[in-house]
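A.B. asks: One letter stands for each residue in the lines below.
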Amino acid sequence: MRFGYFNFAFLGEESKWAAEAAECAGDQDAFWQYHDYLFSHQNGENGGAFSKDNLKGFAATLGLDAKAFNTCLDSGKYTQLIQDQTNLAPQVGVSTTPTFAVNGKRVEGAQPFSAFQQIIESILNPVTPAAITPTP
Amino acid sequence: MMDQPQGQKPALTVIIQSWWTPALAVITLVVGLLVGYFGYPFFNKNGQPTGEVAAVTTPGATTAATLPADVTSAPTTTIDPTMAAITSSEQLMAYLGSKTTHFKGDPNAEVMIIEFSDYQ
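Chains as they are written, first to last, in my numbering: chain A, 16 to 151; chain Y, 415 to 534.
Excised from the complex, chain A in its bound form (with noise of 0.2 Å):
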């Protein structure tokens, strides 16, 4: 299985500003580790939280390099990218978080796997209509 991070960051600027930094991260491997430090400190929305300070300071606990990671998100290098692809989601009809795509087929909210394996079984394993025979 193949699984995608798209940003569908409508929130307010700190949703953009994490989004940007979790993409500077990824220009030093990093963007797995940012993207899951960043769920795992969320706190409210637009509070200060992913305060663009903050967020160096995630890239610095997380021990990468600060000076590459602050340059990159002072020059708002992957500003147009979160933009387009914000721009992008709801022309698909995603209009809340998260919403998934699996193999063209959405799945909205927090769903359990089970949510998921039912589709992903039913892609792998498609039901084949019963042939139809002559009765005697």
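Just so you know, these hints were derived from the structure itself, not from any lab. One or more hints might be untrue.
[As the list claims (entries may be wrong)] Using 25 Å as the maximum straight-line C-alpha spacing, the simulated SDA-like pairs for lysine to any residue come out as follows:
| # | chain 1 | residue 1 | chain 2 | residue 2 |
| --- | --- | --- | --- | --- |
| 1 | A | K71 | Y | Q422 |
| 2 | A | K120 | Y | G450 |
| 3 | A | K82 | A | K92 |
| 4 | Y | K518 | A | S129 |
| 5 | A | K120 | A | K92 |
| 6 | A | K92 | A | Q43 |
| 7 | Y | K518 | A | P149 |
| 8 | Y | K513 | A | V122 |
For this one, chain A is given, so just place chain Y on it according to the hints.
C.D. replies: Okay, now just chain Y, sitting in the frame of chain A:
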């Protein structure tokens, strides 16, 4: 001329004392509709509400890939031209994959999941 049958009354009787009464109702309706129509941009300056659900801002725009009951296209202010040409879920997933910057797992896997999310 037909006479009203004795003992049978109409279910509803509206007594209009002046022709101004219906005229005023019509004028109020028209003014209300005009204010609603032309005033909408001023009432909804940001285009999107805050909270967990983003608004679709341009009703009636051309749809791109149409995947009913799946990941579907939805109208927005700027339609991606490539999106507009997509007609199947396979094409759509391939396009989303090309726009996604970080993956885990087997690049050739039969199943691909893309999560749309916000860190907040």
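A.B. asks: Determine for every hint whether it applies to the structure shown.
C.D. replies: Hint check results:
1. For a cut-off of 25 Å, the pair hint linking K71/A to Q422/Y is broken: about 84 Å separates their Cα positions.
2. Distance check on the hinted pair: K120/A and G450/Y sit about 37 Å apart at the alpha-carbon level, beyond 25 Å; violated.
3. Of the pairs offered as hints, the one joining K82/A and K92/A holds, with about 14 Å between alpha carbons and a cut-off of 25 Å not exceeded.
4. With a CA separation close to 20 Å, the supplied pair K518/Y and S129/A stays within the 25 Å bound.
5. Taken as a hint, the K120/A and K92/A pair is broken in the structure, with Cα atoms around 32 Å apart against an allowance of 25 Å.
6. Under the criterion of a C-alpha separation no larger than 25 Å, the hint pairing K92/A with Q43/A is consistent with the structure, at around 14 Å.
7. Between K518/Y and P149/A the alpha-carbon distance is near 49 Å, which puts this suggested pair outside the 25 Å criterion.
8. Of the pairs offered as hints, the one joining K513/Y and V122/A holds, with about 19 Å between alpha carbons and a cut-off of 25 Å not exceeded.
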